[in-house]
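Heads up: the sequence shown begins at 4 in the working numbering, then just goes up one per residue.
These aren't lab readings, by the way, just hints derived from the structure by calculation. All residues carry an ideal CB built from backbone N, CA and C; glycine is no exception. One should not assume that every hint holds.
[To be verified] Simulated crosslink set (DMTMM-like; lysine to aspartate or glutamate; CA at most 25 Å straight-line):
1) Lys-28 to Glu-82
2) Lys-33 to Glu-115
3) Lys-106 to Glu-200
[As the list claims (entries may be wrong)] Computed spacing ranges between beta-carbons, pair by pair:
4) Asn-166 to Leu-194: 19 to 27 Å
5) Lys-172 to Lys-111: 16 to 24 Å
6) Asn-108 to Glu-208: 21 to 29 Å
7) Gln-84 to Lys-33: 30 to 38 Å
8) Tyr-40 to Pro-124: 34 to 42 Å
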Amino acid sequence: MRNLFLKAKMSLGVGEPMTDQIWDKFLPVKYQTLSPYQWTPISVVVSTWEYLREEKVSSVVDLGSGVGKFCLNLARVSEHQFPILGIEDRKELFQIADSLREKWNFKKVKFEHGNFLKEFPYGYSHYYCFNPLYETMKASHSIDGSKDKSAILFIQNLQLLKNHFLNCKIGTKIITYHGFGGSTLPGFKVLLKKELEFGEWMVWERV
Numbered sequence: 004m005r006n007l008f009l010k011a012k013m014s015l016g017v018g019e020p021m022t023d024q025i026w027d028k029f030l031p032v033k034y035q036t037l038s039p040y041q042w043t044p045i046s047v048v049v050s051t052w053e054y055l056r057e058e059k060v061s062s063v064v065d066l067g068s069g070v071g072k073f074c075l076n077l078a079r080v081s082e083h084q085f086p087i088l089g090i091e092d093r094k095e096l097f098q099i100a101d102s103l104r105e106k107w108n109f110k111k112v113k114f115e116h117g118n119f120l121k122e123f124p125y126g127y128s129h130y131y132c133f134n135p136l137y138e139t140m141k142a143s144h145s146i147d148g149s150k151d152k153s154a155i156l157f158i159q160n161l162q163l164l165k166n167h168f169l170n171c172k173i174g175t176k177i178i179t180y181h182g183f184g185g186s187t188l189p190g191f192k193v194l195l196k197k198e199l200e201f202g203e204w205m206v207w208e209r210v
């Protein structure tokens, strides 16, 4: 998988135009069809950067980073101003993201293959969530059938995620697109809420 993507002739650089359609061309066909449902739209990445550029950002982590679209494009539009980590528990998606990172030599981006519910990455200033618990719900447009889906499992995972967020230090920001799986977040206040073209975007702060 890694060698396959490193052989690709396409390039990505700071300042170059990017659209969702261009991005899809970097991916295997089976993941291109999931693009409208699973990977953060470029317009949302740009909106997130417009917010972050006015923030004191020391680091950003994407919980459930998939093929790396959010992390890599945020690094590109921000001109690599801060470290970005993506955590993904599907090995193939992790490999795609890490291969693209290596190909484009994005040194401030890092991808890890792991489960953030089991080993939560504490200590980051900003967290990004594109409804990372979606795959435990019985919903359409799933990535694959590798994960168990049930209401009980979803509720359990949601509580685990809320507990992790509650253990973050005061001032930590959570940026959500289509939510984090729930509608309330104990220990946090809502700073911003916008209806973007493709869905709801919010910023929460640990208080």
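Enumerated hints in conflict with the structure, sorted upward:
Violated hints: 3, 6, 8; rest satisfied.
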